[in-house]
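Protein sequences appear in the order of chains Z and B. Residue numbers for the first sequence, in my numbering: 60 to 198. Residue numbers for the second sequence, in my numbering: 1060 to 1235.
Since the hints were made in silico from the structure, they are not lab data. There's no promise every hint is true.
[What the hints assert, rightly or not] No more than 27 Å apart at the CA atoms, straight line, and that leaves these computed lysine-lysine pairs for DSS-like:
#1 Z:Lys94 / Z:Lys74
#2 Z:Lys122 / B:Lys1136
#3 B:Lys1136 / Z:Lys94
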Amino acid sequence: MTPDELAQYGYERAKDVAFDAILQLWRRREAEGMKQSDIAATIGWDPALVCRKLQGPSNWTLKTIGALVQGLAGELEIKVVALEDPLPDRRNYHAYAEYPTPVLTGVNVNPKPISPSGTPFDIWSILRAQPVVLESEHD
Amino acid sequence: MSIADQICQLEADGKLTRYVPPQTRVLPKRRLFLSAAAVQDRTDRQKSAVLLLVGRARIDSALTRWVSGERIYGDAKGKHCFLKRLEGPPSDIWEVRVVECDVQARLFGRFAEQDTLILTKFHTRRYLGKRGSTEWRLAMTDCERAWNALFGITPPHPGTTIHHFVSANCDDYPID
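So here's chain Z without its partners, still in its complex pose (with noise of 0.2 Å):
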């Protein structure tokens, strides 16, 4: 990635675990019976609005985001963590576990790992060094 699209796509993560953190709550709130209609009560907002920005990460500002929170009687928290941080729960299930990566041979193999590469700081090969815990291992 260039440094652009590295952006980019840190602002297009942004949107989605904004807008998952709304739904999470939204999904809750809906099932407690409350309804889109409810939320653009609360706030003021017209209900389309409401159904509109519920339907899929979009540019929300933080002022969407916090209207939204307020109108599903929330509480916004922000936590931005570091990458060589510990995982908060170390028994994760890794979905590639039992896909080894191939040992790569041949002249016709493109040996180029598909995630990105070469940032300033290079945290992949502290990461890559990280054993893979799984969950069976732990019970």
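Put chain B on the given structure of chain Z with help from the hints.
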């Protein structure tokens, strides 16, 4: 040979490439493999219309949503939003929908097993045109052809509900 073994062999042969999300400490919750054509669509700045018009960041963000195990969501009416099974024939062709941008993208593929998606080709939504267009049919047929070239007679993973394909963190929406 299990489907996992087949995929590992295809990876060793350079015909499939696993997607690993950039910049995350979260371990993958779902699997995603890209065909050589999909890798080109994602990375080749000279030949990929999707890369040029939609952008690498938006594509990767969608792929990361899948692999990181984030919500596969539907809308308030119970309709697919992110992941959809297309109406065949050919059967069992899926699209990942990249919609929150000026030029939308559709990433075509098939399921090898639950939580394991094989993407074969990326298209802009503009290229595909109206639902049922010749371009849609061609794209779906190409996806089937790409699958057959990779997996031979091994059929895609079957299922009748979204939960047969996605094990967790997925809205309950119809796929037919």
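Structure-based check of each hint:
As the CA atoms of Z:Lys94 and Z:Lys74 are separated by approximately 23 Å, the hinted pair is consistent with the 27 Å bound. Taking the CA atoms of Z:Lys122 and B:Lys1136, the gap is near 26 Å; set against the 27 Å cutoff, the hint holds. Proposed proximity of B:Lys1136 and Z:Lys94 is supported: the alpha carbons are some 13 Å apart, at most 27 Å.
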